[in-house]
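With these hints in hand, go ahead and build the complete structure from the sequences.
Heads up: the sequence lines are chains S and U, in that order. Going by our numbering, 14 is the number at position 14 of the first sequence; the sequence numbering is gapless. Going by our numbering, 99 is the number at position 99 of the second sequence; the sequence numbering is gapless.
Hints are computed from structural coordinates only; laboratory data are not their basis.
Lysine-lysine pairs mimicking BS3-like chemistry, simulated, CA-CA at most 30 Å apart: (1) S:K92 with U:K204; (2) U:K448 with U:K473; (3) U:K182 with U:K354; (4) S:K61 with U:K111; (5) U:K172 with U:K229; (6) U:K468 with U:K370; (7) S:K61 with U:K94; (8) U:K82 with U:K182; (9) U:K455 with U:K400; (10) U:K269 with S:K92; (11) U:K204 with U:K145; (12) U:K82 with S:K61; (13) U:K94 with U:K204; (14) U:K468 with U:K455; (15) U:K204 with S:K72; (16) U:K145 with S:K72; (17) U:K172 with U:K269; (18) U:K145 with S:K92; (19) U:K229 with S:K92; (20) S:K61 with U:K145; (21) S:K72 with U:K94; (22) S:K92 with U:K94; (23) U:K486 with U:K448.
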Amino acid sequence: MSVDTDTVRRIARLARIRVTDEDVPHLQGELNAILAFVEQLSEVDVEGVEPMTSVTPMRIKTREDGVADGDKADDIVANAPVTEDHFFVVPKVVE
Amino acid sequence: MNAPVDPKKLIKGATGDWEVVVGMEIHAQVTSQAKLFSGASTGFGAAPNSHVSLVDAAMPGMLPVINLECVRQAVRTGLGLKAQINLRSIFDRKNYFYPDLPQGYQISQYKHPIVGEGEVVVDMLDGPSFTVGIERLHLEQDAGKSIHDLHPTMSYVDLNRSGVALMEIVSKPDMRSSEEAKAYVTKLRTILRYLGTCDGDMEKGSLRADVNVSVRRPGEPLGTRCEIKNVNSIRFIGQAIEYEARRQIGILEDGGRIDQETRLFDPGKGETRSMRSKEEAHDYRYFPDPDLLPLELEQGFVDDLATRLPELPDEKKARFVADYGLSPYDAGVLVADREQADYFEAVAKGRDGKAAANWVINELFGRLNKEGLDIAASPVSAEQLGEIVDLIADGTISGKIAKDVFEIAWSEGGSPRRIVEERGMKQVTDTGAIEAAVDAVIAANPDKVEQAKAKPSLAGWFVGQVMKTTGGKANPQAVNALVKQKLGVE
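Written as structure tokens, this is what we have:
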């Protein structure tokens with residue numbers, strides 16, 4: 001499996017990473033090298049093998065229903081470049 | 001899906017009949033104290049970003065921990081939809097960028113949802129019931145809220161909803177008209193409210209629908225569909241489907257082609273329009289969330305929830321028909337809301353079910369509707385209404401007087417039995433007293449007595465006069481019989 005230059009541009013756009021035309025061939029080479037490396041895994045026959053989700057026999061952690069967090073609007077917006085009345089303020093996005 | 005086509009549901013186009021096919025994705029907010037993966041409150045209407053934990057704001061290093069009650073609610077809902085419960089389900093990341101989605105992905109379930117196929121039986125008031133297949137139900141996070149009208153060039157983002165648990169309930173494309181679609185949402189909402197798993201409050205956004213609409217010639221394969229996003233009232237769902245079906249028919253009849261796309265419903269204009277900007281965003285690149293292990297449930301956990309499920313609307317309706325002798329229609333009206341059904345049962349207990357249903361549906365609901373009140377806010381309690389039914393049953397008051405008693409109980413309160421006693425509203429059943437009143441009216445109106453001999457319908461006038469002189473308390477049947485007998489008319 002390998003990617004063409006259009007796919008590189010598309011991946012970049014989906015990830016919101018700005019990529020100039022000069023960057024594309026270089027990134028294409030890197031991505032294809034990574035894909036070729038990972039592709040070696042397809043040599044292993046995994047027919048009928050369940051995907052491994054954890055290396056230790058653990059169950060998902062759960063919590064009981066109760067309010068134990070929140071009321072920290074100052075902290076939540078502390079790093080935001082622009083805020084007003086504890087709202088995040090961002091460039092207008094509207095359909 | 002391949003039920004015979006009902007010609008009444010077809011839409012007439014310029015070149016012949018069309019069938020509309022509707023499927024829905026309902027997003028129902030799970031009733032819980034805290035969010036799906038954090039301990040922040042789900043409470044509605046709080047100050048901006050006050051119900052937000054560092055997990056909901058996607059601060060680096062924060063990890064989600066699932067709220068077990070949300071899992072129980074999803075399983076309860078699945079059981080209520082007679083659906084397959086999957087003992088193993090997996091959380092995935094659905095990736096997209098939007099300012100009110102701080103993680104850059106929504107935690108959802110993709111290939112392995114917690115609930116599989118089920119069904120909802122939908123009653124139509126003016127026709128037979130039909131079944132809508134449920135494709136799946138999965139748990140996912142809600143996003144935050146963007147407010148666009150506070151500033152000319154900026155949007156304001158509040159993350160209070162971010163991370164609140166939603167159930168996405170996906171139906172099969174089993175609806176064939178806007179009426180059927182509305183009835184389905186109504187029924188689903190009733191089931192959720194009975195289960196207590198979602199409050200169904202569409203005004204607060206607790207229930208939103210994405211509506212998939214396509215049209216086809218009857219008997220042909222499914223057409224290309226358009227998805228109308230985020231419709232937030234049952235009436236709008238109907239309007240959106242009507243508009244969208246006609247739009248698609250118009251395009252097809254002009255020889256055009258339907259583009260599969262996402263559209264928005266504009267309630268102000270009553271039309272749908274394309275959301276072109278979202279086209280590219282459809283590549284969600286789902287993958288299993290590495291922060292969450294598979295959700296594995298024991299069969300005992302599910303069985304335990306199943307044994308404690310409340311009686312659901314279909315079962316309640318069947319019981320009302322069997323135990324109280326109600327018509328399926330009346331039973332359907334009563335069970336549409338759990339509180340209404342409970343009220344009815346309190347009135348009907350130990351009394352005639354039909355009489356109780358009659359009073360609850362015609363008098364009480366009629367009056368509540370007129371005043372725009374909820375059953376919980378009814379000024380007349382089930383106990384009071386029950387007393388009125390008793391007073392009619394034992395002949396103390398007539399049905400007509402009962403309506404007056406109901407009015408007094410509604411506006412002034414008090415025990416109906418005491419109201420009847422204190423205000424002397426008891427029905428006069430003593431034939432002697434009624435006879436005296438009839439005689440008095442006849443004696444006072446010799447001319448009318450003469451006229452009545454030629455025109456028997458005038459007897460009604462005498463009955464009216466007697467009712468008037470007795471203050472409406474005379475038993476109407478007795479008065480009627482006596483008047484006719486004394487006038488010698490039939």
